[in-house]
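Number of protein chains: 2
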Amino acid sequence: MGNENSCFSKEDGKTRETMAEATKALQGRISLAHGAGGKSSAELLDLIFSKIELKNTPGGIGIDCAEDSALINLVDGSKTIAFTTDTYTVKPLFFPGADIGWLSVCGTVNDLSVMGAKPVAVSCSLVIEEGFPVQDLEKIIGSMNRASKTAGVPIVCGDTKVMEKGSIDGLIINTAGIGEVADLVRNSGAKVGDTVIVSGPVGDHGIALLSVREGLSFETLLESDAAPLNTLMQSIPLPHAAKDPTRGGLNSALNEIALKSSIPSSHALGRGIEIRIDEDKIPVRKEVKAACAMLGLDPLSVACEGRVVVCTDKPTETLEAMKSHPLGKGAQAIGRVTEKTGKSKAGVFLRTAEGGTRVLRMQDEVIPRIC
Amino acid sequence: MGNENSCFSKEDGKTRETMAEATKALQGRISLAHGAGGKSSAELLDLIFSKIELKNTPGGIGIDCAEDSALINLVDGSKTIAFTTDTYTVKPLFFPGADIGWLSVCGTVNDLSVMGAKPVAVSCSLVIEEGFPVQDLEKIIGSMNRASKTAGVPIVCGDTKVMEKGSIDGLIINTAGIGEVADLVRNSGAKVGDTVIVSGPVGDHGIALLSVREGLSFETLLESDAAPLNTLMQSIPLPHAAKDPTRGGLNSALNEIALKSSIPSSHALGRGIEIRIDEDKIPVRKEVKAACAMLGLDPLSVACEGRVVVCTDKPTETLEAMKSHPLGKGAQAIGRVTEKTGKSKAGVFLRTAEGGTRVLRMQDEVIPRIC
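Chains as they are written, first to last, in this note's numbering: chain A, 1396 to 1766; chain B, 1396 to 1766.
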């Protein structure tokens, strides 16, 4: 089986390290940062990609592309299927606005949706700690059911495992998902001149979680934004690139789009792209700003679970469509895609509220178990 | 979305309990038995099935059928896709003959294969404990790679999460898989007159694991049988029913086939089926027998991870094809499918070596974390 669509082949060596370097970068032991969605996570992925030889189906998009879903061309070429997986280890299991069950269905529906796929089915694999209250399990399965009905996507298969008390912290859920692709969207597709649009305020999910963990309280209840984005995505004009800013937040999502859209195979001409966003225009709730100030976090690096950021050449129609959808009422154009300038390797630039410009670097912040 | 192919609808009330009964049966807390593949596992599944409303795609086979894979008919009806998921929590991570990485790819390839599907792609979702040695991770990913190459099935997408030290016991892996279905095989398809064939000795995997846990040693090394069954399944004549005897072993596999093949919707006439097997004919290695005697286990209830049991009306060709495949050299015809007799609810009868006949009941044995 070939690897025709390899995303990080040796030719793109600058974007990914070799296996030996990746191992070295991991320094012998896995740390929480390797799961936090930033730089260390990318190093861990390098190691995994380097070990797997059959990374995709012929002509498909495989694991080394690190897209939100893989793409599989069926044997007769008649259909392209999107396929994705995600394990949810979020803590606490119940948090303002949602729980791990709701999150686990939404997250996988969203990974399919941002690729332009119509989600068709999800799976549900539970790992449960011995002694876990059946009542809590019922609530969580009930939330999975509500998310499945809200998205209109059935839960068609599953698995349950029980681990001895102390071997797993409560419960974790893996959901995988399958979608049918008509019009493909890739996170490597951003083009010079595109407008960058985010569908709503960022960071709500991460801060809603952290507020429970840290015992913060707000004047108004801050709820997780977790929601299935399939109908929103289907209502907007086909974007050039899309991503849901989950682990690592808007920061990681934009850096990934900028990096991937600058890989030689992704564009015919030019030196790649940069993304330039305006701090003033990025929607962030005041509770999120306040909590981030208190906790020393950057709201742009805090996870959302019901937002999407798109790069599009149809900004007016996209904004209009988003704003007329319940999940896109807070949509904002936050910046533009420009041609790469100078020698800087940086991909994302933030024009600050004070009028300066700074590089928005992918962080290695440890906010573990937010998804 | 409809539920046209519901497997355990209210009409089949005898085979599945109502939600309230299922909750009651769970008695407030999840126990290890709920994950062991026996009676309690079935009760836990009842609870989950009862909570999920969208259980399948239109015309497909969904979660309530508890087949090894779900079946999804694509929108234009041109293709049927098999979809399955499994989380591997096996302990220890490394065991004679294999490790969790090898097992996780084989298991999912097998769940597709026993449905008559050609596996097309698998996913790989890792949950890793903080502090886990990178070297062990490399070995495990290396084993996933070898299994992927052996089966000829690429690993196309993945996910990695890290949990705090003490929150997860080492590492667990979820793999989901997609296959293309040409000729469907269901575990509800067994027919009166079929011969029951198992592809090799049973219980090797479970006893190889337990031997490490319990410190047993054998004269010869007993290795796990874990292996990808896709090429074996593709080499035999299409059976009426097939199942890989994993959790709960041959016992659970045969009881499930007997139960499902007796559901009214599965057959037009008659009172259902029984499966009658001969203890003398069931291949069990002497090391497995000895270890089971020592541990008080029934070899027929111990897990395999590279065996398949089929019900077929072409026993000669099936045995010949199996024996000419490296994974089927130890294949044996072990019994027959007969018409249900008398009033007994039992589905599987064992003719013992001593000449008696006893009911082989699904056990509720706790051999946790063998897969």
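Don't take every hint at face value.
Note that the list lumps identical chains together, so a pair holds whenever it fits in one copy or between two copies.
[Claimed, not checked] Result set (DSSO-like, lysine-lysine): computed pairs, CA atoms no more than 27 angstroms apart in a straight line:
(1) Lys1434 to Lys1735
(2) Lys1560 to Lys1434
(3) Lys1434 to Lys1586
(4) Lys1434 to Lys1534
(5) Lys1434 to Lys1724
(6) Lys1560 to Lys1709
Derived by calculation from the structure, the hints in this document are not laboratory data.
Each hint, compared with the structure:
Taking the shortest alpha-carbon separations for Lys1434 and Lys1735, only the intra-copy value of 22 angstroms comes in at or below 27 angstroms, while the best inter-copy value is 62 angstroms. Proximity of Lys1560 to Lys1434 under the C-alpha cut-off of 27 angstroms is restricted to the inter-copy arrangement: shortest distance 21 angstroms between copies versus 33 angstroms within a copy. For the identical chains of this complex, Lys1434 and Lys1586 are intra-copy neighbours only, at 24 angstroms inside a copy versus 57 angstroms across copies, given an alpha-carbon limit of 27 angstroms. Taking the shortest alpha-carbon separations for Lys1434 and Lys1534, only the inter-copy value of 23 angstroms comes in at or below 27 angstroms, while the best intra-copy value is 35 angstroms.
In this assembly of identical chains, the alpha carbons of Lys1434 and Lys1724 never lie at most 27 angstroms apart, being 32 angstroms within a copy and 49 angstroms across copies at closest. For the homomeric pair Lys1560 and Lys1709, neither the shortest alpha-carbon distance inside one copy (53 angstroms) nor that between copies (47 angstroms) is at most 27 angstroms.
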